[in-house]
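**Q** Listed below are the residues making up each chain.
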Amino acid sequence: MATSADSSELSFYIHIPYCIKRCGYCDFNTYTPLELKDDATLADVSQGYIDLLIEEISMARAASHATIVPTIFFGGGTPSLMEPEDLGRVIAAIEKNFSLADDVEITMEANPDSLTRERLAGYRATGINRLSIGMQSAATHVLKVLDRTHNPENISKVVTWAHEVGFDQISLDLIYGTPGETLADWELSLDAALALDITHVSAYALIIENGTKLAAQVKRGDVLIPDDDETADKYLLADNKLRAAGFDWYEVSNWSKSDSPCRHNVAYWQGKNWWGAGPGAHSHIDGRRWWNVKHPTVYRERIERSASPMQEEEILSEAERNREEIMLLIRLATGLPRSVLDSSQQQVVGSYLGSGDVEPAAWSQGALVLTQQGRLIADRIVRELVV
Amino acid sequence: MPAIPLAKAPQPSQTNPAQIRNFCIIAHIDHGKSTLADRMLGITEVVEQRNMRAQYLDRMDIERERGITIKSQAVRLPWRSGIDGQEYILNMIDTPGHVDFTYEVSRSLAACEGAVLLVDCAQGIEAQTLANLYLAMENNLTIIPVLNKIDLPAAQPEKFAQELAKLIGCEPEDCLRVSGKTGAGVEELLDQIVKQIPAPVGDPQAPARALIFDSVYDSYRGVVTYVRVVDGHLSTRDQIQMFSTGVRHEMLEVGVISPEPVPSKGLGVGEVGYLITGVKDVRQSRVGDTVTNYQRPTDKALAGYKDPRPMVFSGLFPLDGAEYPMLREALDKLQLNDAALVYEPENSAALGFGFRCGFLGLLHMEIVRERLEREAGLALISTAPNVVYRVTDDTGKEMIVTNPSEFPDGKIMKVEEPIVRATVLAPSEFIGAIMELCQQRRGTLLGMDYLSEDRVEIRYTLPLAEIVFDFFDQLKSRTRGYASLDYEPIGEAEGDLVKVDILLQSEKVDAFSAIVHREKAYSYGVMMTTKLRELIPRQQFEIPIQAAIGSRIIARESIRAIRKDVLAKCYGGDISRKRKLLEKQKEGKKRMKMVGRVEVPQEAFIAALTTDDEKSKEAKK
Numbered sequence: 000m001a002t003s004a005d006s007s008e009l010s011f012y013i014h015i016p017y018c019i020k021r022c023g024y025c026d027f028n029t030y031t032p033l034e035l036k037d038d039a040t041l042a043d044v045s046q047g048y049i050d051l052l053i054e055e056i057s058m059a060r061a062a063s064h065a066t067i068v069p070t071i072f073f074g075g076g077t078p079s080l081m082e083p084e085d086l087g088r089v090i091a092a093i094e095k096n097f098s099l100a101d102d103v104e105i106t107m108e109a110n111p112d113s114l115t116r117e118r119l120a121g122y123r124a125t126g127i128n129r130l131s132i133g134m135q136s137a138a139t140h141v142l143k144v145l146d147r148t149h150n151p152e153n154i155s156k157v158v159t160w161a162h163e164v165g166f167d168q169i170s171l172d173l174i175y176g177t178p179g180e181t182l183a184d185w186e187l188s189l190d191a192a193l194a195l196d197i198t199h200v201s202a203y204a205l206i207i208e209n210g211t212k213l214a215a216q217v218k219r220g221d222v223l224i225p226d227d228d229e230t231a232d233k234y235l236l237a238d239n240k241l242r243a244a245g246f247d248w249y250e251v252s253n254w255s256k257s258d259s260p261c262r263h264n265v266a267y268w269q270g271k272n273w274w275g276a277g278p279g280a281h282s283h284i285d286g287r288r289w290w291n292v293k294h295p296t297v298y299r300e301r302i303e304r305s306a307s308p309m310q311e312e313e314i315l316s317e318a319e320r321n322r323e324e325i326m327l328l329i330r331l332a333t334g335l336p337r338s339v340l341d342s343s344q345q346q347v348v349g350s351y352l353g354s355g356d357v358e359p360a361a362w363s364q365g366a367l368v369l370t371q372q373g374r375l376i377a378d379r380i381v382r383e384l385v386v
Numbered sequence: 000m001p002a003i004p005l006a007k008a009p010q011p012s013q014t015n016p017a018q019i020r021n022f023c024i025i026a027h028i029d030h031g032k033s034t035l036a037d038r039m040l041g042i043t044e045v046v047e048q049r050n051m052r053a054q055y056l057d058r059m060d061i062e063r064e065r066g067i068t069i070k071s072q073a074v075r076l077p078w079r080s081g082i083d084g085q086e087y088i089l090n091m092i093d094t095p096g097h098v099d100f101t102y103e104v105s106r107s108l109a110a111c112e113g114a115v116l117l118v119d120c121a122q123g124i125e126a127q128t129l130a131n132l133y134l135a136m137e138n139n140l141t142i143i144p145v146l147n148k149i150d151l152p153a154a155q156p157e158k159f160a161q162e163l164a165k166l167i168g169c170e171p172e173d174c175l176r177v178s179g180k181t182g183a184g185v186e187e188l189l190d191q192i193v194k195q196i197p198a199p200v201g202d203p204q205a206p207a208r209a210l211i212f213d214s215v216y217d218s219y220r221g222v223v224t225y226v227r228v229v230d231g232h233l234s235t236r237d238q239i240q241m242f243s244t245g246v247r248h249e250m251l252e253v254g255v256i257s258p259e260p261v262p263s264k265g266l267g268v269g270e271v272g273y274l275i276t277g278v279k280d281v282r283q284s285r286v287g288d289t290v291t292n293y294q295r296p297t298d299k300a301l302a303g304y305k306d307p308r309p310m311v312f313s314g315l316f317p318l319d320g321a322e323y324p325m326l327r328e329a330l331d332k333l334q335l336n337d338a339a340l341v342y343e344p345e346n347s348a349a350l351g352f353g354f355r356c357g358f359l360g361l362l363h364m365e366i367v368r369e370r371l372e373r374e375a376g377l378a379l380i381s382t383a384p385n386v387v388y389r390v391t392d393d394t395g396k397e398m399i400v401t402n403p404s405e406f407p408d409g410k411i412m413k414v415e416e417p418i419v420r421a422t423v424l425a426p427s428e429f430i431g432a433i434m435e436l437c438q439q440r441r442g443t444l445l446g447m448d449y450l451s452e453d454r455v456e457i458r459y460t461l462p463l464a465e466i467v468f469d470f471f472d473q474l475k476s477r478t479r480g481y482a483s484l485d486y487e488p489i490g491e492a493e494g495d496l497v498k499v500d501i502l503l504q505s506e507k508v509d510a511f512s513a514i515v516h517r518e519k520a521y522s523y524g525v526m527m528t529t530k531l532r533e534l535i536p537r538q539q540f541e542i543p544i545q546a547a548i549g550s551r552i553i554a555r556e557s558i559r560a561i562r563k564d565v566l567a568k569c570y571g572g573d574i575s576r577k578r579k580l581l582e583k584q585k586e587g588k589k590r591m592k593m594v595g596r597v598e599v600p601q602e603a604f605i606a607a608l609t610t611d612d613e614k615s616k617e618a619k620k
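These protein sequence lines map, in sequence, to chains A and B. Under numbering that gives the first Met the number 0, think of the first position of the first sequence as 0, with each following residue one higher. Under numbering that gives the first Met the number 0, think of the first position of the second sequence as 0, with each following residue one higher.
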């Protein structure tokens, strides 16, 4: 790949597959204690889980030539359900097997419901230096459709505490296009987020995934899928407001202040190497992708008998790597190098230059960068380039 | 027992014409003809009880499933009359029952001296039966009126006996009453056939003359030709000659059907049987032609030979362009058995390579399409059917248009279209609805007669194009399924016709062009543009959809440009899934047709072209 991975580096994604309650829109690989065991508490089901992660990290050491870890990301599920010491043990295990880069970025996803000032201080003390808070919306009726239980006012409290305990990099996750959300609701959410002292915003259009509670509601006609044109308007509103507030877009759905993007996520898009530990986690090393068995119990069973938790792998062909590169780099503000495209693909780009979907200045300097309007049809452009 | 064991019955080529009776059964599709035929096979014992199966004579799956007889056949039935105790040979000639096959019916009738007019006594006579009855009367056939299904609780034999008596000019008491299902009255019917129908008359010493009334391709034996000998004698030792072409053929086998083929030494005057000559294509042995002896030919053909003329045209295209050679092969094979099917290659900008096919009518078209799909396993798109137009431009040059895309763009002096004489039979309560429909379809009322107190026969002239559209469908729905329709071509008439083109982003889509009456052009345009707006997915630019007559736009719609086509989220775990989705879309794209820059899914073409087709198919069953 053009931005080919530096094989001395390996990022880590650490999956925490637990939530107190499953949200209606979520199709992530996560489980509530009750889904795993009758009458169980979180402590029961998560007991010993950190040991399994530590075991997998030592497997990573044996399987990889990398020495330096530039980023770590705790995702889920709900990582903030874990005790700070437990996440600290994971970081320590990575540090023991590899060395952390001087400027290592360690992010954790956090649910405002499960945070206190004390816990935040505890997480910060483990070395975690970036916080990604699931705000989703400032409109109560929207949160209700999403099944989120937090009080929107808690967000501001959590952001204040986070600063107090020493977090400089704070990101808010927002979701737009929820059934029942108006353009005004969305503007309210954006304003609420921008009123806070944060460095980063991720804003996703809601995807109604098969098998979720929300999908069932849509199917029954209980809620209406929002119109694509209105969702497009919401994207434009977000991009305009965020940029006016000093946030730059660096990926289709991500904006950051003063050059503080999530370097971990950027590694995904640039085809760098990373190891995903935990059930269902995906990994990528030098054109080989694999993913772990999904269920925590099966995962436990594999690790306990020192077997690889991998469920399936794929070795990417040259053509597949090329397609991925186009598909991923086109989403970035740094763009897709023109050299990746053959002459007929460059001709396709020509028509999108004409329609105002591609930045002409960047193109003449050798990169395909999408305009605001072009970002909204990024998948279509990719299809036309690779299909 | 009046049945005669086959071995003891009079043998083919040695049967005295006075002992022969040739008859056919005229009946509507579900009035029980096949069941009655089955019963006759059983009573005369030509088929043993244990070998009997329903619709014994209908060979093709498609016939048995749809209950329609497409190809006629002739069965030799020995019978000892219960009236005079003498031995007879009855040749039952099965006739196709549908309007598209009128010509084949007329040849079957020409091979007979009499006809059994079979009417379901719960339903009464139907339009197609009436048309065939008139054909039989024109051929001077003796008609034996028979009411079938007398075992049904809803039977009204008195009422329909009146109706039949009025139609053929007999007494109601003359109508026989039978049940094909229980066998009641069938022996008496066989006796009456012997009694009422005249024996064939011919000159045994004259040069051989035999009428071809059917011709069937068999993959093992080549073409099997069914004939009725009028004069002279045909034998296995002869060389034969087709009168129309003068081509000579060897006679490989002669025989009769009883009801499996039984070879014989020959066929004499009045006899009905089959010939095998090794010919591989039914077009070399055409229905209506006269077979004669090559050494001693006749100089006088039997009357009535004509080439079947296709009346309805449609383009057939393989869904998968790679299947074009298979489609050609399948059509070639089908034509061996279907002299009426014509086709030539067609290249559509929208649908790729295919064939422009000509059919006798809509049912013929459906049967051909169904056989192509079923027997050759092809998936096909067919364009909307149209008729043949005679177009004269302003320089006086005349051209025949069988495809709307060939319709000239320049100034046109006149357009002529085929006209049919249509007969509708229906309960009288629907007169208003039927007349309204016929008026809307540019019909001219010819007359109306009451068949009985509450049933009428309504006659109209109509442009065939109007019937080809969805007339039958409409007729059935406006009469709650009670009306029946028959039509025959009677010539051509000038019409105020225009070609409507459909344009996507200013590009003409040839598959959607249609020739319609000027007054209907607007509604056709609106229908197609609306439909396409719903069927074509939004693309990154706005797509105008227009309907136009020449350069004049008569209807317009537009598909708004898509504004959002991006998945918001694409993190580590999403990458493989997203790439695979992309690869799947790549497969899907192969099935997209490009019209200019517009991607049109194949499903959109199919949906836009199958105008209520499925419904009308149901209605026709």
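Some clues are possibly wrong.
Computed spacing ranges between beta-carbons, pair by pair [said to hold, decoys possible]:
no., chain 1, residue 1, chain 2, residue 2, range
1, B, D573, A, E186, 23 to 31 Å
2, A, D285, B, E533, 46 to 54 Å
3, A, D285, B, V525, 43 to 51 Å
The hints are simulated quantities; they were obtained by calculation from the structure and are not laboratory data. Quick reminder that beta carbons are idealized off the backbone N, C-alpha and C, glycines included.
**Q** State for each hint whether it applies.
**A** Each hint, compared with the structure:
1. D573/B <-> E186/A: 23 to 31 Å: This hint holds: roughly 28 Å between Cβ atoms.
2. D285/A <-> E533/B: 46 to 54 Å: For D285/A and E533/B the Cβ distance comes to about 48 Å; the hint holds.
3. D285/A <-> V525/B: 43 to 51 Å: violated (59 Å)
Going through the hint list in order, the structure does not satisfy hint 3, though it satisfies all others.
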